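Enquirer: Heads up: the sequence lines are chains A and B, in that order. Here my numbering is used: position 60 in the first sequence is 60, and no number is missing along the way. Here my numbering is used: position 27 in the second sequence is 27, and no number is missing along the way.
A hint or two may mislead.
Between beta-carbon pairs, the in silico distance windows are [what the hints assert, rightly or not]: (1) A:Asn53 <-> B:Arg44: 23 to 33 Å; (2) A:Thr40 <-> B:Asp59: 24 to 34 Å; (3) A:Lys96 <-> B:Asp38: 10 to 20 Å; (4) A:Asn67 <-> B:Asp26: 14 to 24 Å; (5) B:Arg14 <-> A:Ala41: 21 to 31 Å; (6) A:Lys42 <-> B:Leu41: 32 to 42 Å; (7) A:Gly54 <-> B:Thr86: 11 to 21 Å.
No lab work stands behind these hints, which were simulated from the structure alone. Values in this document were obtained by computation on a predicted structure and should not be read as measured data. Built from N, CA and C at the ideal position, the CB exists for glycine as well.
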Amino acid sequence: ILNVEQSPQSLHVQEGDSTNFTCSFPSSNFYALHWYRWETAKSPEALFVMTLNGDEKKKGRISATLNTKEGYSYLYIKGSQPEDSATYLCAMNTDKLIFGTGTRLQVFP
Amino acid sequence: DVKVTQSSRYLVKRTGEKVFLECVQDMDHENMFWYRQDPGLGLRLIYFSYDVKMKEKGDIPEGYSVSREKKERFSLILESASTNQTSMYLCASSLGTSGEQYFGPGTRLTVT
Chain A
1 ILNVEQSPQS LHVQEGDSTN FTCSFPSSNF YALHWYRWET AKSPEALFVM TLNGDEKKKG
61 RISATLNTKE GYSYLYIKGS QPEDSATYLC AMNTDKLIFG TGTRLQVFP
Chain B
1 DVKVTQSSRY LVKRTGEKVF LECVQDMDHE NMFWYRQDPG LGLRLIYFSY DVKMKEKGDI
61 PEGYSVSREK KERFSLILES ASTNQTSMYL CASSLGTSGE QYFGPGTRLT VT
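Here chain B stands alone, though its shape is the one from the complex (with noise of 0.2 Å):
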């Protein structure tokens, strides 16, 4: 089975603070990616990634920054929380470009 695991389930969170996202998946998927999802609009891209090393930026990129230097973790970057930062968000990984993406948990944050 195929695992995606995030650092947290919840998260609270300064206006100002730095707060990373961390996500690992174990089953050596090319393509990993960030989500936000908000009542009523759905699960909106944030960034994703292609291969190591490799990012692109999704629909709403404002406000965050990614990385990957291994192959297995993807991580989100938010340089300086601010309060419509609060959200879920949902990591994912997939095998190939069409397939099924399998998904993480997801973090809660809070940002006060």
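Bound conformation, chain A alone (with noise of 0.2 Å):
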């Protein structure tokens, strides 16, 4: 059974502090490995979608990078803001999404 597998699963930071999470894969069967945000009371949203080794992708203060090889994708936030606050998810790209359990941020002002 494939597992992904994400850590930490809940981080709590101030206002302006920039942090990072880890997502872990198994690499064989790649595929594609995507970052997803989930704000309470709304649908998932996904961030990016990264399928070459040593991928690095950007969004306003978001980025991942992607590691094929040793099988993980870091999650960077420079400068969080409160409206950052969600459970981040990462999925592995099979033929099927297969979801970690995420990491859920909670950033205080």
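Could you fit the two chains together into a complex? Lean on the hints.
Expert: Laid out in structure tokens, this is it:
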């Protein structure tokens, strides 16, 4: 059974702090790695879809890197804001998406 | 903007009832998915479909069935609801096999 792991499970930071979380996945059968942001009472929204080893993507203050050989991806948030509070999910794409359990981020003003 | 809608945000059903959860997407996506989300377990795939009238079992299909008669609509059916099916159910659609998925708002189902 393929397993995607995320750490930490939860994170509390002050506004303005930078933070990062990890997604680990089995490097065999890899096709793509997805990151989603899931805010309370809303639908999960895609942040990034990454396919190539060494890929680095950025959207505003959020960026992500991918290492397919060692099986991990990092998500970075620079200068966290309260509106960044959400659960961040990663998912490995084989023939379907296999999700991790998420990192719940809370940013305090 | 892609829009995925689900028929209900909250639903309360009794054990043994037949339950239909409807999902509609408006962007002509081939692929549609049903997940359930439980605390500490993440999103788990129940069923998916790559085309009309086509369905594939996901990781936890037991106790569920699906129907896809039209491209835009994917229904999840609980033939006889049980309390262990109390959960948040999310529908999603995507254009390609590896494309980003667009999620509906979710249906929180309680089976009493």
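Enquirer: Do Thr40 of chain A and Asp59 of chain B keep their Cβ atoms within the hinted range of 24 to 34 Å?
Expert: With Cβ atoms ~25 Å apart, the hint holds.
Enquirer: 10 to 20 Å was suggested as the range; check whether the CB atoms of Lys96 of chain A and Asp38 of chain B agree with it.
Expert: With Cβ atoms ~18 Å apart, the hint holds.
Enquirer: Using the C-beta atoms of Asn53 of chain A and Arg44 of chain B, is the stated range 23 to 33 Å upheld?
Expert: Cβ of Asn53 of chain A to Cβ of Arg44 of chain B: about 28 Å, so the range 23 to 33 Å holds.
Enquirer: Within 11 to 21 Å: is that where the Cβ-Cβ distance between Gly54 of chain A and Thr86 of chain B falls?
Expert: Given range 11 to 21 Å: violated, Cβ gap about 43 Å.
Enquirer: Hint says 14 to 24 Å; check whether the CB-CB distance for Asn67 of chain A and Asp26 of chain B agrees.
Expert: violated, 37 Å
Enquirer: Measuring from beta carbon to beta carbon, are Arg14 of chain B and Ala41 of chain A in 21 to 31 Å?
Expert: holds, 26 Å
Enquirer: Return holds or violated for the Cβ distance of Lys42 of chain A and Leu41 of chain B against the range 32 to 42 Å.
Expert: violated, 20 Å
Consistency note: the structure conflicts with the earlier hints numbered 4, 6, 7.
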